[in-house]
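K.L.:
Here's the letter readout for the chains.
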Amino acid sequence: MPLFIKYYYCVVTAANPRRGASVEESEEKLKRVGSVSRARRARALLGVAALSATVALSACGSSDDDGAATSASTTSGGGGAPVEVRFASWVPNIRNAVELFNREHRDIHVTLEEMTAGPDGGYAKLLSAVRAGNAPDVAQVGYDQLPAFLIAGALEDVTEYAADDESKFIPWQWRQGVFGDKVYAIPQASGPMAFYYRKDLFQRWGVEPPRTWDDFAAAADRIKARGASIVTFPPTQAPFFMGLAQQAGQQWFTPESDAWKVTVDNPDTQRMAAYWQGLLDRRAVATMPDMSTEWYKALQTGRVVGWIGASWGDALLRQGAPRTAGKWAVADMPQWQAGGDVVSASWGGGSASAILRGTKNAEAATEFAVWLNSNLDSVNLLLTDGYGWPAVADPRQVTGLQDDPTVFKFYGGQNIWEVFARADAGVDVDWAWPPTSGELYASVTDELKKAVEGGSLPEAVRAVQSQAVAQLKAKNLSVAGE
Amino acid sequence: MSSAAVDRTATPAEAQRLRRRRRVNPALWFVAPFGVAFALFFLLPIGYAVYESLFKTSSSGLGLSAPTRSFVGLENYGDALSSSDFRSSIGRVLLFGLIQVPVMILLATILALILESGRVHFKSFFRVSYFLPYGVPGVIASLLWGFLYVPATSPIVEVLGHVGVHADFLSSDTVLGSIVNIVTWEFAGYNMLILIAALQGIPDELYEAARVDGAGSFRIAWHIKLPLLRPSIILATVFTIIGTLQLFAEPLVLKPLSTAINSSYTPNLSAYNQAFSNDNYSLAAAEAVIVAVIAFALSFGFLRIVNRKGRSAW
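Chain order of the listed sequences is U and E.
Counting from 0, one number per residue, gives the positions in the first sequence under numbering that gives the first Met the number 0.
Counting from 0, one number per residue, gives the positions in the second sequence under numbering that gives the first Met the number 0.
What the hints contain is simulated information worked out from the structure, not anything from laboratory work.
A couple of the hints might just be wrong.
Distance condition first, Cα-Cα at most 20 Å in a straight line; then the derived DMTMM-like pairs of lysine to aspartate or glutamate [said to hold, decoys possible]:
1. Lys254/E - Asp119/U
2. Lys124/U - Asp78/E
3. Lys359/U - Glu159/U
4. Lys181/U - Glu159/U
5. Lys449/U - Glu51/E
6. Lys296/U - Asp199/U
7. Lys472/U - Asp167/E
8. Lys449/U - Asp167/E
9. Lys472/U - Asp199/U
10. Lys198/U - Asp220/U
11. Lys408/U - Asp427/U
12. Lys449/U - Asp172/E
13. Lys260/U - Asp427/U
14. Lys326/U - Asp376/U
15. Lys167/U - Glu362/U
16. Lys254/E - Glu452/U
17. Lys254/E - Asp167/E
18. Lys472/U - Asp264/U
19. Lys296/U - Asp167/E
20. Lys326/U - Asp156/U
21. Lys472/U - Asp78/E
22. Lys254/E - Glu204/E
23. Lys296/U - Glu157/E
24. Lys472/U - Asp172/E
25. Lys167/U - Asp403/U
26. Lys181/U - Glu255/U
27. Lys359/U - Asp106/U
28. Lys198/U - Asp106/U
29. Lys449/U - Asp264/U
30. Lys181/U - Asp220/U
31. Lys181/U - Asp163/U
32. Lys124/U - Asp106/U
33. Lys472/U - Asp257/U
Partial list, derived from the structure: chain E residues whose beta carbon lies under 8 Å from chain U [as the list claims (entries may be wrong)]:
34. Ser57
35. Val100
36. His120
37. Phe121
38. Pro154
39. His161
40. Val162
Since the structure is predicted, the reported quantities are computational estimates derived from the model, not experimental observations.
Note that beta-carbon positions come from the ideal geometry of N, C-alpha and C, so glycine has one too.
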């Protein structure tokens, strides 16, 4: 803005004739200048006009397929041009699966548009694109955001095209994309959580991988005595905290017949909050943000020796802490009850391929989405690049889950997918996401930050409860009991 | 009436007057591109934001169906002003301005006076290097300083640690000061350049006359340079006031690194959060309009104060 003001100021003062000169003098000067350079002026104006036109046209002419069109798919000669489908995702290397689809399907051509990760602003961009009417046909949307997209009117009903595909997927993940018996999204993967830990350091210090949360607290103290932290409690990671709450027991949101029941502040979550508050008070855990430069450095130097993370976190560890290759192992998430089945949680629910409103090729888009997430070749390609735990009905068919040497080498040869298979089976499938999950995440993050700064986690949980109710009411939604 | 007819039958004075009236003011040709850009990129978005702020999107029941949009008048403004988070963000940014503006202007003035004192070697080198941070985009600058503030990657924190000082630049007590540091680093050179340009316009005869009267450098600076710099200092101050109220990029980039910065740390950050996390564009528009009105009021108020007694400075 200052540039505009300066420009205007300079121009206006320049256009005024010099103070003190008589009107006739300035008249004469302007007339002389005018007559001599009239031709020059005309040419100059023409030049300026041409220049501005060129600039304007080049700006308009920018194409909007940012991601390069994939593969060399030729238009089928006789049967008409292939149907164009635009697909936006941030999963690294999903291009490989897209290219495979294009090679195997001559009637549909998919163009990949790489986008910023959803939580980092990608979702906002998608919602704006839907409003503007130029959104991609299929997009990567997390399970936690599907209700929010629905409430924004951004999803397309594809029940007629997808009804037969239900059996291909795990039931609870299929239900994530279904609202009121209408199908809007095809599930891709979930994020079951387990405990990654530095096996070499645990062995050196004589610490057993913890089975229960009590074991975990004891291990944390012992590791603290060695000058390291067992994990970091990230104040910027709402899905982590919500995963812990999911594992603790009661869920936060329950859709009743026509209203939301909000029980963020429930005894199970409070028990979990009090437990972590104890760890924070004793400074038995670090409080740096995870998946940050600071955290990767801590992992490489052995300052942080564990991570309660999702199955796709494996790729992050391998890329971010390469110096520690071969020294890790994965154990089940610490449990509240000793013995019995493993109870785990899902980080942020998972990911789906949602068909966005305004798509002109819903049938082709749905066919692509179903293929991407259920075709075994595609799933194997995606698995190596860390996209999450597949939603296919029978994971045993996925060869990449049975034997994956590149991955297992990082964990000293351990088949970590067995641990995550157990975790996936132990995820509470009734956990529901409210349509206000964006606001919820922002609230949780703000409250976690306050708690780590010197507040308390139990207090943070109570604050999130009242804020969650207020957020639903602000959108004019019904809250049970209010 | 054709021009030929006028020239033949009118008196010389009348002809001159008619010619003058028919000529288009050449200034308009220069202002036209600015005018078009101003209307497109300034007036139009502001008008749209005000329009958007008068509506509200809401659903009902469980919320699993498309929402409806309704006209609500000034309700969004009421919601924004009654939110304690938003009010405290405005207070915070005013406090930030109270610290930032004097620090910035003082630093820019001192640097400009030093560089124009005639005693500095390699003057243009220093001028360019002080101006260089302005060429760094705000986000990149915040990222750079973020690395310098985070203990794990900061040489500053490490060196201070060796001498026994435990420095935490991102705690709730210090993060505002850290942001002041980043903004000053970015814009001091820019403001300094405005003041240097003004200083170079002061005729040397004044300095000669002052030296003849026996004034030393400091007296010259205080009694001659500063009063003549007054309009430029006021210009720089107005820009700085408007800039500090718009504080956005620095807290946004530092947000994942600091526990002290929440989603409504500054009014612009709050509006951004409302638009892109909460999908509430109407409330975001209302908050943005409120910030703009406050910036407008403060700048104009400041200009009124310094332009009292008919001494129009700008």
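K.L.:
Each hint should be assessed against the structure and marked as holding or not.
P.N.:
Hints versus structure:
no.	hint	in the structure
1	Lys254/E - Asp119/U	holds (12 Å)
2	Lys124/U - Asp78/E	violated (25 Å)
3	Lys359/U - Glu159/U	holds (15 Å)
4	Lys181/U - Glu159/U	holds (9 Å)
5	Lys449/U - Glu51/E	violated (33 Å)
6	Lys296/U - Asp199/U	holds (18 Å)
7	Lys472/U - Asp167/E	violated (39 Å)
8	Lys449/U - Asp167/E	holds (17 Å)
9	Lys472/U - Asp199/U	violated (51 Å)
10	Lys198/U - Asp220/U	holds (17 Å)
11	Lys408/U - Asp427/U	violated (31 Å)
12	Lys449/U - Asp172/E	holds (13 Å)
13	Lys260/U - Asp427/U	holds (17 Å)
14	Lys326/U - Asp376/U	violated (30 Å)
15	Lys167/U - Glu362/U	holds (18 Å)
16	Lys254/E - Glu452/U	holds (14 Å)
17	Lys254/E - Asp167/E	holds (15 Å)
18	Lys472/U - Asp264/U	holds (17 Å)
19	Lys296/U - Asp167/E	holds (18 Å)
20	Lys326/U - Asp156/U	violated (47 Å)
21	Lys472/U - Asp78/E	holds (13 Å)
22	Lys254/E - Glu204/E	violated (53 Å)
23	Lys296/U - Glu157/E	holds (15 Å)
24	Lys472/U - Asp172/E	violated (34 Å)
25	Lys167/U - Asp403/U	violated (23 Å)
26	Lys181/U - Glu255/U	holds (18 Å)
27	Lys359/U - Asp106/U	holds (15 Å)
28	Lys198/U - Asp106/U	violated (50 Å)
29	Lys449/U - Asp264/U	holds (17 Å)
30	Lys181/U - Asp220/U	violated (50 Å)
31	Lys181/U - Asp163/U	holds (13 Å)
32	Lys124/U - Asp106/U	violated (29 Å)
33	Lys472/U - Asp257/U	holds (14 Å)
34	Ser57	holds (4 Å)
35	Val100	violated (15 Å)
36	His120	violated (31 Å)
37	Phe121	violated (28 Å)
38	Pro154	violated (14 Å)
39	His161	violated (18 Å)
40	Val162	violated (22 Å)
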